[in-house]
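A.B. asks: This is what each chain is made of:
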Amino acid sequence: MITDRVAAHPDVLLTSMKDGTGVLLNVKTKFYYTLNETGCFAWKQLEKAKEGLPVAELAKRVNATYAVGLETAESDLRALVKELVAEGLLVA
Amino acid sequence: MAVSWLVLHITDRCQLNCKHCLRDPDKSAHDIELALFERLLDEAKSIYNCDHIGLTGGEPTLHPEFEKLLDAIVDRGMTWHMVTNGARFEGRVGTLFDADPRKKDSCTAIDFSIDGADATVHDHIRGAGSYLTAMGSIAQCHMRGIPFMLQMTINAYNQHQLEQYALGAAELGATRVSFGMTMPTGTYLDKEMFLSRDQWRVIQDRLDRLKAMLTVPVTYTEGFHNPRPFHECEPFRSEILHVDYEGRMNLCCMHAGVPGQDKGSSNVADMNKVSLATGHREMMKMVQQFREDKLSLMEAQGLSGWDEYPCTYCLKYFEKPHWTDQGASGEVAKRQRWKGAWAPEKHVTNVPLSDRLPILR
Chain A
208 MITDRVAAHP DVLLTSMKDG TGVLLNVKTK FYYTLNETGC FAWKQLEKAK
258 EGLPVAELAK RVNATYAVGL ETAESDLRAL VKELVAEGLL VA
Chain B
1056 MAVSWLVLHI TDRCQLNCKH CLRDPDKSAH DIELALFERL LDEAKSIYNC
1106 DHIGLTGGEP TLHPEFEKLL DAIVDRGMTW HMVTNGARFE GRVGTLFDAD
1156 PRKKDSCTAI DFSIDGADAT VHDHIRGAGS YLTAMGSIAQ CHMRGIPFML
1206 QMTINAYNQH QLEQYALGAA ELGATRVSFG MTMPTGTYLD KEMFLSRDQW
1256 RVIQDRLDRL KAMLTVPVTY TEGFHNPRPF HECEPFRSEI LHVDYEGRMN
1306 LCCMHAGVPG QDKGSSNVAD MNKVSLATGH REMMKMVQQF REDKLSLMEA
1356 QGLSGWDEYP CTYCLKYFEK PHWTDQGASG EVAKRQRWKG AWAPEKHVTN
1406 VPLSDRLPIL R
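So the sequences go chain by chain: A and B. Using my numbering, the letters of the first sequence correspond one by one to residues 208 to 299. Using my numbering, the letters of the second sequence correspond one by one to residues 1056 to 1416.
This is chain B alone, in the form it adopts within the complex:
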């Protein structure tokens, strides 16, 4: 089916400060407008008979009109899932489910971003106390019969825990375990998170072994080694369309609000101004150009090394931070991470406190 679901990055707000976060807004927080959200749902249903919405961010539950967004989904008879850090499940999502069981019934999965098999590793990446909070939210899902999955973004901090993590997810009752590659953030933290191509190949072998061994489905996202130059991910195949919190249609979450977001052409259309179909056409043109440019590079014997890692190649193509054998390359993040975790040059920032990402609590 064409466009089986839309992924909407509904906000760039987040209450955590994860080391591998790609967002670099360098300005006030943005939330997708409710009217745009509703129009996109209507158009997706009308054009593609699309009946599923993925919500991501930032932390989706921090959208000031999160309840209304869920209303828009269930009122249209659509299903949804959400990627979350689990920090607001009990107070926010659980309350919404109690008040309107349709929201729970239409939820196909809560995807918890858990980046370690224990509190020590997870909290090192995502912040003190975040592991136990997320575990409490998982217990909520368990009690309420809500399907949930766990997803880990692998980097040098946590790669030693893959097996322990997958087993723990199965023990918790997750319906799936997913692993992704950390991509460069454009900050000094990239140096600490870097894994070489050889290390990624070993990790991929370990994940393949887990897939074969465990009964819980184990998946890994695009980005891992793939020698087929024209292998295409779901957004390239038009199976998923992504729109971010500013209404920009782009390839995926790794192109929304990242360093260098205004460079290259991965933001293909402003959905505040054009229809979903028009944005989709622009996406198709961009994908075709991407393919042709890759063919030209192959013709010139220009593909090598990290180019066999599709997401890394894609980020390089669109002038975003990307991995090289020497570490991260490309754009540098502009903003200071809130709580002062990062600023250029260890780590002085010109971004005033008032302009940093506001947080809703």
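Excised from the complex, chain A in its bound form:
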């Protein structure tokens, strides 16, 4: 069960590329994870918020920037968050 508030794990580094995409590196496991532009944006929002953010708030921010529709943003983010929590990249 994922609680609503999620935060970036301190062992995970985001490296951004010029085209807006990025790569997450878990410095403990040495696994890389590629993020698309929206995922990269969402991760940066989480990095800025020391205590993490509720997924709903994250969705609002993504929608404000990318205008994908709040429902779509939240649904896509919940799927991404689930995956990132499972990989130990996000703390729920």
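There's no promise every hint is true.
[What the hints assert, rightly or not] Within a straight-line C-alpha distance of at most 25 Å, the following computed DSS-like cross-link-like pairs (lysine-lysine) qualify: (1) B:Lys1158 to A:Lys225; (2) B:Lys1318 to A:Lys225; (3) B:Lys1123 to A:Lys237; (4) A:Lys225 to B:Lys1123.
[To be verified] Partner residues are not named here, just some residues of chain B that face chain A (Cβ under 8 Å, in silico): (5) Asp1153; (6) Gly1223; (7) Leu1227.
Bear in mind the hints are in silico, worked out from the structure with no lab data behind them. C-beta: ideal position from N, C-alpha, C; glycine also.
Since the structure of chain A is already known, use the hints to place chain B on it.
C.D. replies: Chain B only, in chain A's frame:
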């Protein structure tokens, strides 16, 4: 091939303050002159058909004309690699690669100096936060498809992590993992970093085991135990020529800007004044003298102990800090490490702040 590559120590600037750093400039920072750099490239290409340049320092990316140096390399159709602490990759190197893909395409490897398998050990040696910064740069290489390798300088602080380090490098996708011996710095820190000859033999065995076990190439540099008295490293065989940030041709990075740099004869020529071939001839004469002197020492039954560790013998021969069974011996560093990490006698220094190594940020 004679002189398959040149190693150019392009600057002695660095933004870190590593415990094992050998540099002891005791004066303002130096950067190799662009005109000299270009002339050396032209001569290396013309004389030896050399097509590869190694860049080291200090931190090479801190050279004020770093971009122009890379231009000089790619304009001549040469390839290059660089030893870096990884602190300026994203903002500096990545930007240069984006602006001119030739610079990326001609780069054969970025060699990251990582001195621990985790942030705790690495940062203890190289400074707080430096591990994560370097890891970010490695991720940049991964994303951009740039080959990279990891190199660790082994000492008492990190020797327990060799296996974990090599495995981690393989997991990160490094094309090679290299290990080197820490040499004495001429500071009080040598006492903390010292490993005995017996300990080095065990470390060497562990490295040999890693070489056999891992699929990623594991190498170790010259300096480890070698009982062959006339074994010669690449600079001795004229396969690599080194020129430092002041334009001095010398044997290798362990002879550039180290305590006692003006003693002995390891700086064979001022390349600002002579041609590359002339410097090379002087290097050959020095190497021959080195060999003859070693033979004389053998004749007198004078070789023992640490003399079977080639870099230690070489540094002793040239009157630089070197290991002995009692710890470090030889010249003492003159400068205070910036940020006050070291000065003689715990640790008062006469070197004014304004004269310490300036840093470009």
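A.B. asks: All hints are to be evaluated individually against the structure, with a verdict given for each.
C.D. replies: Here is how each hint holds up against the structure:
| no. | hint | verdict |
| --- | --- | --- |
| 1 | B:Lys1158 to A:Lys225 | 17 Å, holds |
| 2 | B:Lys1318 to A:Lys225 | 49 Å, violated |
| 3 | B:Lys1123 to A:Lys237 | 34 Å, violated |
| 4 | A:Lys225 to B:Lys1123 | 23 Å, holds |
| 5 | Asp1153 | 6 Å, holds |
| 6 | Gly1223 | 5 Å, holds |
| 7 | Leu1227 | 5 Å, holds |
When the structure is compared with the earlier hints, violations turn up for hints 2 and 3 and for no others.
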